[in-house]
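Listed here are the chains, written in short residue letters.
There are 2 protein chains.
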Amino acid sequence: MNPTQYVVALLTLSLTTTSFSQSIIQLPTRHRHPLTGNRRIRADDSLYCASWRFSIETNNAGAWSSIPARCQDYVTDYVTGDRYLSDSDVVAGDSLAFIKTVNVSTEGKDAWVFDIDETLLSEIFNSNTYNEWVDLAEAPALPASLRFYKELQELGVTIFLLTGRDEFQRNDTVKNLVYAGYSNWERLFLRGPSDEGKLATVYKSEKRMQIEDEGYTIQGSSGDQWSDLQGFAVAKRSFKLPNPMYYIA
Amino acid sequence: MNPTQYVVALLTLSLTTTSFSQSIIQLPTRHRHPLTGNRRIRADDSLYCASWRFSIETNNAGAWSSIPARCQDYVTDYVTGDRYLSDSDVVAGDSLAFIKTVNVSTEGKDAWVFDIDETLLSEIFNSNTYNEWVDLAEAPALPASLRFYKELQELGVTIFLLTGRDEFQRNDTVKNLVYAGYSNWERLFLRGPSDEGKLATVYKSEKRMQIEDEGYTIQGSSGDQWSDLQGFAVAKRSFKLPNPMYYIA
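Sequence order for the protein chains is A and B. Its first residue numbered 1, the first sequence is counted upward by one per residue in the UniProt record's numbering. Its first residue numbered 1, the second sequence is counted upward by one per residue in the UniProt record's numbering.
It cannot be assumed that every hint is accurate.
Just so you know, same-sequence chains aren't split out, so a pair can sit in one copy or run between any two.
Only pairs whose alpha carbons sit at most 25 Å apart, straight line, appear in this in silico DSS-like list of lysine-lysine [said to hold, decoys possible]:
hint	residue 1	residue 2
1	LYS207	LYS150
2	LYS150	LYS100
3	LYS109	LYS236
4	LYS100	LYS175
Note that these hints are calculated values from the structure, not bench results.
Given these sequences and hints, build the entire structure.
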């Protein structure tokens, strides 16, 4: 297997609703032209799939359960090519431009909330294995997010991590974050027993409310799902990272 | 001038803040290759500009004042080619899919709120003139929006129009809407004297609140600006139409 095939084979498309705790992603094998071996994405599919991506990334689509069949190759190309990296680069640039307008408190009371999967870490870049990547704790950083994370720390912003993963995954999650280059966050929230069965939007809003109740101002929030960003106790500014692979309510 | 050049020349890039009342758009002349005459959009510009569009359409960018210089040809291609039509088609499809899940009240108390410029009408399709298109009242319909508008009416949804245009433009606005094929809306809100100077988000939220206070449930809202969709008294579902041309706070 070449590296690209590895990446493609690794990903497991997960359709998710309430208590999705981690993303195991598998994208389908690419279709190749029988003569040239090139990927075949028809022009009309490309046009439609770009519009589908507009639809889901703006949240116009609302809940969605699977990548349209005609867009599977398009999505594979998107995440394994330059575009996913480029889009997340621009998100990090927008986030940095915003926080530089904030007069950050010297008492550490200005906060930023990060989701983890497909926000700080992205197993899309992990060409390691087919299964159990969370146990292996080797999902790499999304490069632009790691850069922005460190820039926030230099500015004195207090960082909270808020993930839909379960409490029992705490050790592996910490290990993975450190492996990927993250350190010195203020607190890592995972779903505890009382959070089970809650919609991500509710669970995450409650945790943000807790952060605010402790006297922090949540300046920004970064997530690949709208459920990371909406609800109540929302950040002053929210930053949507790309994710055309799965949806979490 | 050929039709494409007409369209391109027509558009005037308007940078807008608080009391923007209509969109006069002008995109720059395209750069052409001196030998082939083809448009020249470099691959790295294309990659960057797609990411820039992700950034502004998700509202990650927040307020922005101009199309990046390197993206002017990209945006011209986007709006004058298939992609703008395709994206707005998919928005209309998302909107229809949602309203079909609603058990629409037989008393006409379920409402939908539409913005006008670049939502119901789009002067991008108007190859008529350089100036004063609003006075001419001949901006065409955005085709997918007109189709969805009629589908809503068949379903018994009550339609409100809510525009940042000023009250003095009422007659021209009505004339233009009728010319483009729209009819039988419940009410058309324009900015009156007491609305001057308000941010669009505030002005539009106040009008939605008024609609709700009259006993309507605002099921959906369609607009090309986030300021059409956010604030208070927001619709149950909001639908963001594409607009990489200008931003209204």
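Evaluated hints:
1. LYS207 <-> LYS150: within (23 Å within a copy, 43 Å between copies)
2. LYS150 <-> LYS100: within (14 Å within a copy, 46 Å between copies)
3. LYS109 <-> LYS236: within (14 Å within a copy, 33 Å between copies)
4. LYS100 <-> LYS175: neither (30 Å within a copy, 46 Å between copies)
In the structure shown, a violation is registered for the earlier hint numbered 4 alone.
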